[in-house]
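Undergrad: One letter stands for each residue in the lines below.
Number of protein chains: 2
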Amino acid sequence: MGNPIIVALDAMGGDNAPSEIVKGAVEAVKESDRVIVKLVGAEEAVKAELAKYEYDAERISVVNATEVIETAEPPVHAIRGKKDSSMVVAFNLVKNGEADAFVSAGSTGAILVGGQLIVGRIRGIDRPPLAPVFPTAKGPSLLVDCGANVDARPDHLLKFAQMGSIYMENVMGIKNPRVAIVNVGSEEEKGNALVKETFPLLKECADINFIGSIEAKEIPAGYADVIVCDAFVGNCILKMFEGVGMTLVSEIKREMMSSFRGKLGALLVKPALKKVLKKYDATEYGGAPLIGLKGLVIKSHGSSDAKEIRNSILQCISFVENDITGKIKQSIINQ
Amino acid sequence: MGNPIIVALDAMGGDNAPSEIVKGAVEAVKESDRVIVKLVGAEEAVKAELAKYEYDAERISVVNATEVIETAEPPVHAIRGKKDSSMVVAFNLVKNGEADAFVSAGSTGAILVGGQLIVGRIRGIDRPPLAPVFPTAKGPSLLVDCGANVDARPDHLLKFAQMGSIYMENVMGIKNPRVAIVNVGSEEEKGNALVKETFPLLKECADINFIGSIEAKEIPAGYADVIVCDAFVGNCILKMFEGVGMTLVSEIKREMMSSFRGKLGALLVKPALKKVLKKYDATEYGGAPLIGLKGLVIKSHGSSDAKEIRNSILQCISFVENDITGKIKQSIINQ
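Heads up: the sequence lines are chains W and V, in that order. If you count the first sequence from 1, position 326 lands on 341 in the working numbering, and the numbers rise without skipping. If you count the second sequence from 1, position 238 lands on 253 in the working numbering, and the numbers rise without skipping.
Just so you know, the hints here were simulated from the structure itself, not pulled from any lab data. It is possible that part of the hints are untrue.
Since the list gives no way to pick out one identical chain from another, each pair is judged satisfied if it fits inside one copy or across any two copies.
Said to hold, decoys possible - Computed list of lysine-lysine pairs in DSSO-like fashion (alpha-carbon distance at most 27 Å, straight line): (1) LYS97 / LYS268; (2) LYS97 / LYS205; (3) LYS322 / LYS232; (4) LYS268 / LYS153.
In isolation and in its complexed conformation, chain W is listed as follows:
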């Protein structure tokens, strides 16, 4: 047991701020005594929410910030202009060593920009990717990149593979994680220009366990632990994952409820359905880390509820304890 992990939590980010964010913080400190949360945001509103709960007052504090960055604001402008926003104040806590990690359910663009401009990139990492962990039939996989670099280059994808491997091995405990690149077929000559150029780089890289191409249809089945692609493709894959699941499940429910027989059956299969839905609920794994920065930055879904915020906070523990940032720095030096 080392020092506690201090998380700077953006109390004003996301659709359910500040109520669910504050609740998530309370749940996190109850769940683990390794965590201290600094709630950053409008002091009065945050304290009013906090007053609803009992918690260890030494482990949750409030840092006032008078401004809020909205989702629609142009990110660079917002980060540069709103010096007293909850996000900028929280980012500065990480930069100044007053917090180990930053968690926010706010604007993805502002998180990407603030992470790079304020927390800063590890030397040698040009493009820190956003890398959500998502559920498959065989356990969690990491999708890098999923939001930061829509026009990535082959050397970016190589670094995504290396950093993703370090993350999955050390944070998720998967030994020698299998790395695959998203492709339109399994043959080496397939792919667009980016994939064709990246493939040999991954093949030659000694410090990853590269297993070749993965077709999108193989992803939900869990054929790889680290799945590498540019952020445009990654976003489409992640959103299809959510979209197909939501549509299928709601159609199945609607169809079952349209007859007496179906309603009766629905009652009986409810536990089985619930179990599957829980297994495929991405929020179980918390938010997506922006990897390759000097400190830990976690982007939680905009729609995050208390449970997802709690999981995002708890996720910081193994990241910081296993010194992922140090390990990424070391892997860059070794090249």
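Starting from the known structure of chain W, arrange chain V on it as the hints suggest.
TA: Using the frame of chain W, we list chain V on its own:
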């Protein structure tokens, strides 16, 4: 009622050739008296399959071809080298006006190459896209491109939108089809370089009903009728659609079957589940047309069974009757 539609069917293509292909041909001529099928392949094997069924002998004939193009063969080499393959012979029937349409469950690469080299492109169409119709909560949508052009340019995507609109309006009967471009967010400034350059071209195009960006998670819900993207992204979307559905459904089944209560419930909800699965079964719509060629070319799934082959054949009727090829030519002239 005009002339019958003559379909050149590759009897040797796909995992289940020739048995399921021949069966599909028989089912198609039974289903519609508008269709004549020319089964192209190893005469003896095809006739042995045909002998299993009763059918109108005037509406199914066999055209002998002694070679077969395998899935793993390099497409250009295969199409140029195997002059007496079922695919090349069938393509030539279309080229020479002895057939109106070509249907195959064989190698996608060879179909794309043969379509362009033998049947030929409509003047003004550089890159004919492969455009599968797939099921959504609100009915069928068309995904262009899904296999042909992994590194497409903005002007290609514009033509995909125009041809896709003609297809959905005339073949699927959707008036003024909504066209959207796949993107990582709904704001106009979002996207990779390709999308940012394509967006204004689509916005300015008078002969389509462009509704803006569509995020992948909105696709299964049916937010657009014609969905435009490069083939790399299209392939990922289509394959995620299949992969997530397969994984979720098999997990739900497995979970239900693991308890007595679940098994009983499964019996009761079976009709509801079946109805949903049928609605989301892409094979109901037949294969994917390769649009922008001088004749109709349809690629059916490699795993096609008789039902999908039958649907792919029947799909040719409205394409030919509505003169999609002529309408695409006209739309190019009008520009």
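Undergrad: Next, verify each hint and record whether it holds.
TA: Against the structure, the hints come out as follows:
no.: 1; hint: LYS97 / LYS268; in the structure: neither (45 Å within a copy, 51 Å between copies)
no.: 2; hint: LYS97 / LYS205; in the structure: between (46 Å within a copy, 22 Å between copies)
no.: 3; hint: LYS322 / LYS232; in the structure: between (29 Å within a copy, 22 Å between copies)
no.: 4; hint: LYS268 / LYS153; in the structure: both (25 Å within a copy, 16 Å between copies)
This entry does not satisfy hint 1, going by the numbered hints stated previously; all others are met.
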